[in-house]
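Student: Listed here are the chains, written in short residue letters.
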Amino acid sequence: NAGVTQTPKFQVLKTGQSMTLQCAQDMNHNSMYWYRQDPGMGLRLIYYSASEGTTDKGEVPNGYNVSRLNKREFSLRLESAAPSQTSVYFCASTGSGVAGTQYFGPGTRLLVL
Amino acid sequence: AQSVSQHNHHVILSEAASLELGCNYSYGGTVNLFWYVQYPGQHLQLLLKYFSGDPLVKGIKGFEAEFIKSKFSFNLRKPSVQWSDTAEYFCAVSTSGTYKYIFGTGTRLKVLA
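Protein chains in written order, with the working numbering: chain A, 7 to 119; chain B, 284 to 396.
It is worth saying that the hints were derived from the structure and are not from the lab.
Possibly wrong hints are sitting among the right ones.
As the list claims (entries may be wrong) - Here are a few chain A residues that sit away from chain B, every Cβ distance over 12 Å (derived from the structure):
(1) Gln-12
(2) Gly-22
(3) Asn-34
(4) Ser-37
(5) Met-47
(6) Ser-55
(7) Ala-88
(8) Ser-90
(9) Thr-92
(10) Leu-119
Claimed, not checked - The following label-pair restraints were derived from C-beta to C-beta distances:
(11) B:Leu-395 / A:Lys-77: 43 to 51 Å
(12) A:Ser-57 / B:Gly-305: 44 to 52 Å
(13) A:Asp-44 / B:Gln-365: 42 to 50 Å
(14) A:Ser-24 / B:Trp-366: 28 to 36 Å
Given the structure is predicted, the values throughout are model-derived calculations rather than measurements.
The C-beta atom is built at its ideal place from N, Cα and C for all residues, glycine as well.
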């Protein structure tokens with residue numbers, strides 16, 4: 007099993023450009039999450055999807071949209087990138103109902119100029 | 284709102300020293316508690332977790348944590364650290380009945396050989 011995979015690994019954008027970060031898991035997990043990691047701020051939840059067909063906002067949803075394409079895939083879209091969105095983005099998934107162990111992907115480093 | 288506090292942002296220890304990293308959370312209800320570790324250049328992985336039962340939880344690589352409900356704390360300990368424990372450590376909380384996880388800001392541990 008590959009676990010949780012993310013693409014791309016690294017991306018540079020100019021202010022105002024858009025992009026989609028892709029995440030897929032092969033563990034048949036129900037819940038999927040997007041976090042951003044910034045120095046001194048830990049991981050902050052952007053959006054999550056408790057199950058296929060549902061999405062909910064986390065702590066810092068502004069400037070982002072998500073799509074739970076199917077059970078395996080959960081994408082994060084930046085419609086108009088801003089320098090404040092420079093960060094490392096992690097996708098995670100959780101299997102066993104509420105409050106199971108989260109499995110993280112390798113991350114996407116995004117630089118917005 | 285729920286929050287997680289990790290008071291030690293940077294810790295430097297020599298090999299064989301004992302480690303204790305603090306984690307406090309703010310929530311009055313039933314919680315699930317986690318410690319994750321992020322080794323340099325790698326993604327987060329679970330060290331240990333507490334759901335119920337014995338408040339002293341043992342995890343991988345000799346780590347343990349104690350849940351003290353009256354103090355809203357879940358401190359991470361290791362009797363003797365190794366150079367390979369150099370990493371960033373995150374405490375996380377989820378509350379029963381939700382799918383959301385709240386992470387602390389992290390503690391960077393550097394172990395000197």
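Student: Against chain B, does Leu-119 (chain A) hold up as non-interface, every C-beta pair farther apart than 12 Å?
Tutor: holds, 24 Å
Student: Do the Cβ positions of Leu-395 (chain B) and Lys-77 (chain A) conform to the proposed distance bound of 43 to 51 Å?
Tutor: holds, 46 Å
Student: Looking at Gln-12 (chain A) again, its CB stays over 12 Å from all of chain B?
Tutor: violated, 9 Å
Student: Please settle this one: Ser-55 (chain A) was flagged as non-interface, so is its CB more than 12 Å from every CB on chain B?
Tutor: violated, 9 Å
Student: Minimum Cβ separation between Ala-88 (chain A) and chain B greater than 12 Å?
Tutor: At about 22 Å from chain B, Ala-88 (chain A) clears the 12 Å cut-off, so the statement holds.
Student: Hey, does Gly-22 (chain A) actually stay past 12 Å from chain B on C-beta?
Tutor: The claim holds: Gly-22 (chain A) sits with its nearest Cβ about 30 Å from chain B, beyond 12 Å.
Student: With respect to the beta-carbon atoms only, verify the hint that Asp-44 (chain A) and Gln-365 (chain B) lie 42 to 50 Å apart.
Tutor: Once the Cβ atoms are compared, 29 Å apart, the range 42 to 50 Å for Gln-365 (chain B) and Asp-44 (chain A) is violated.
Student: Per the stated criterion, does the least C-beta distance between Met-47 (chain A) and chain B lie above 12 Å, as a non-interface residue requires?
Tutor: violated, 6 Å
Student: Holds or violated: the 28 to 36 Å window for the beta-carbon distance between Ser-24 (chain A) and Trp-366 (chain B)?
Tutor: violated, 43 Å
Student: Would the least Cβ to Cβ distance between Ser-90 (chain A) and chain B come out above 12 Å?
Tutor: holds, 18 Å
Student: Over 12 Å from every CB of chain B: does Thr-92 (chain A) meet that, or does the non-interface label fail?
Tutor: holds, 18 Å
Student: Is the hinted range of 44 to 52 Å satisfied by the C-beta distance from Ser-57 (chain A) to Gly-305 (chain B)?
Tutor: Since the Cβ atoms of Ser-57 (chain A) and Gly-305 (chain B) sit about 34 Å apart, the hinted range of 44 to 52 Å is violated.
Consistency note: the structure conflicts with the earlier hints numbered 1, 4, 5, 6, 12, 13, 14.
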